[in-house]
Amino acid sequence: MLHELVHRADVCVVAVAECFRGDGEILANPIGTIPMIGGRLARATFEPDLAMTDGEARLILDDAAFSWPDGPVVEHFNPYRHMFDWVWGGQRHVMMGATQIDRYGNQNIAAIGDYARPKVQLLGYRGAPGNTINDVTSYWVPNHSPAVLCEQVDTVCGIGYDRAAALGPRAARFHEIRRVVTNLCVLDFETPDRRMRLRSVHPGVTVEEVQGATGFDLVIPEEVPESRLPTPDELELLSSVIDPDGHRYREVPDG
Amino acid sequence: MTGPRDKRCTEDEAVAELRSGMTIGFGGWGSRRKPMSIVRAILRSDLTDLTVVSWGGPDVGLLCAAGKVKRLVYAFVSLDSIPLEPHFRNARQSGAIEDEPYDEGMFLLGLQAAAWRVPFLPTRVGLGSDLLRDNPRLRTVTSPYEDGEELVAAPAITLDAAFVHMNRADARGNGQYLGPDPYFDDLFLAAAEKRFLSAEQIVPTERLSEEGPPQSLVISRLLVDGVIEAPGGAHFTSCVPDYERDEAFQAQYVASARSPEAWAEFKAAWLDLSEADYQERVRRT
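Just so you know, the sequences run in chain order A and B. Under the numbering used here, the first residue of the first sequence carries the number 1, and numbering increases by one thereafter. Under the numbering used here, the first residue of the second sequence carries the number 1, and numbering increases by one thereafter.
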């Protein structure tokens, strides 16, 4: 079987990269290890005009995701404050994490349990409300489970399609949750009622496994394709330039 | 002949200007360039019931752990290399503090509104989210123009006092950052009644231009009442290029959240002492 030769982490990286396909000249802002690697792969291959950060206050041209021994090639000064110009101006596609996410893409990173007296306090709202009402947003979930993909999130930080619909077409005109990439599969919202749909399963994962690891009923098409495999050129780029230290394998071990 | 104001003072003199119940803003971001020597001075004081305003890091955690915080105004609290702040989590999970959450960009607008002396600034941020449930200060506003759009009115976050830490400053209160990001420090000062700037080094004004370009001079003396020379003042947060975050110390700080005994031990070792003794102890370990 071919998939036995393919690392799950590489499939996830490619799935992340595919989220940015067609974005053109915008700020691609994937947050986290595999998201950053995937974003760099998109730019190094099929989306050369994406702008990307060094993870801090600069936009850099380098394909390497995390380490630039001779210093990166800096194209723009991008301090935190400036980020809101991109966010509110609509020139950004962000990929965030999610401690909880529901079938309409509502996301929670603030607190688990009753917000007033949480069982588990997390980061806080961070930028999730502003990101989702202004920009294209995707999510990365490295631990697909019913606790994460759940029936109802405890606090809505990033807003999903039902909340956006309730706001009406004008207020929500910039809202788009493009995709959710997990360690098991790729999900989207390309359904008439904007419920989460299984878009593809990673090689070696069954549809039943995905549904079993999800806390609500997914929309499952009759034919669920397998997630795209990395090409030999992409694998070469990843291992020689983008992530030579293999950070991606530490985040997602082989299933 | 009257000479220019010399605004130099000590941490303890600055903190003596504060009163219990005040709303106090802290510059920096997460575990980066935080005015930690000021936080330590507040921990040594009798101040209580503070409303703390911060893009939060260990400033928030320490003040929570020491029981100084009545209310927290924030968008997140994180230690960067350690994503979740354990003392902040303890305070929230035990119900010890009142919570006033914001989106991090909305937070910027709140400080900007205070700095510009308007009651709010409109934004799309927050619509549809539970922020409007969890932050009772938030209201919406309808555009008076033909679009009639409903927006969130990010309320002015007005501060009684603000503290920021810079790499360099002069005695008149001009501040210079030499690291990667100015963060929002000028806004904290502009939103505050009493305004304090600490710096790694106080240098003659003419030296500032040797240290960095004009655009690194982000704090104007028009925004500053007191200047504190505080070498190591951001420790254990990062103050690049003067020093990186002290990760070993930060790990020790995180471990102090495990139990009341661990906190008491950390407090005795690192907080129940003068700033000079603290810095000396950091140098020796």
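For the record, the hints were derived by calculation from the structure and aren't laboratory data. We put the CB at the ideal spot given by N, CA and C, even for glycine. A portion of the hints provided could be inaccurate.
[To be verified] Below, a list of computed lysine-lysine pairs in the DSBU-like style, where the Cα atoms sit at most 30 Å apart:
hint : chain 1 : residue 1 : chain 2 : residue 2
1    : B       : Lys7      : B       : Lys194
2    : B       : Lys70     : B       : Lys267
3    : B       : Lys194    : B       : Lys267
4    : A       : Lys119    : B       : Lys70
5    : B       : Lys194    : B       : Lys70
6    : B       : Lys7      : A       : Lys119
[What the hints assert, rightly or not] Each pair of labels, with its calculated beta carbon distance range:
hint : chain 1 : residue 1 : chain 2 : residue 2 : range
7    : A       : Asp114    : B       : Thr140    : 41 to 47 Å
8    : B       : Gln252    : A       : Glu176    : 23 to 29 Å
9    : A       : His82     : B       : Thr140    : 25 to 31 Å
10   : B       : Asp80     : A       : Arg170    : 51 to 57 Å
11   : A       : Thr206    : B       : Arg137    : 47 to 53 Å
12   : A       : Asp114    : B       : Arg117    : 36 to 42 Å
Hint-by-hint comparison with the structure:
| no. | hint | result |
| --- | --- | --- |
| 1 | Lys7(B) <-> Lys194(B) | 13 Å, holds |
| 2 | Lys70(B) <-> Lys267(B) | 20 Å, holds |
| 3 | Lys194(B) <-> Lys267(B) | 28 Å, holds |
| 4 | Lys119(A) <-> Lys70(B) | 20 Å, holds |
| 5 | Lys194(B) <-> Lys70(B) | 20 Å, holds |
| 6 | Lys7(B) <-> Lys119(A) | 46 Å, violated |
| 7 | Asp114(A) <-> Thr140(B): 41 to 47 Å | 24 Å, violated |
| 8 | Gln252(B) <-> Glu176(A): 23 to 29 Å | 44 Å, violated |
| 9 | His82(A) <-> Thr140(B): 25 to 31 Å | 27 Å, holds |
| 10 | Asp80(B) <-> Arg170(A): 51 to 57 Å | 38 Å, violated |
| 11 | Thr206(A) <-> Arg137(B): 47 to 53 Å | 49 Å, holds |
| 12 | Asp114(A) <-> Arg117(B): 36 to 42 Å | 37 Å, holds |
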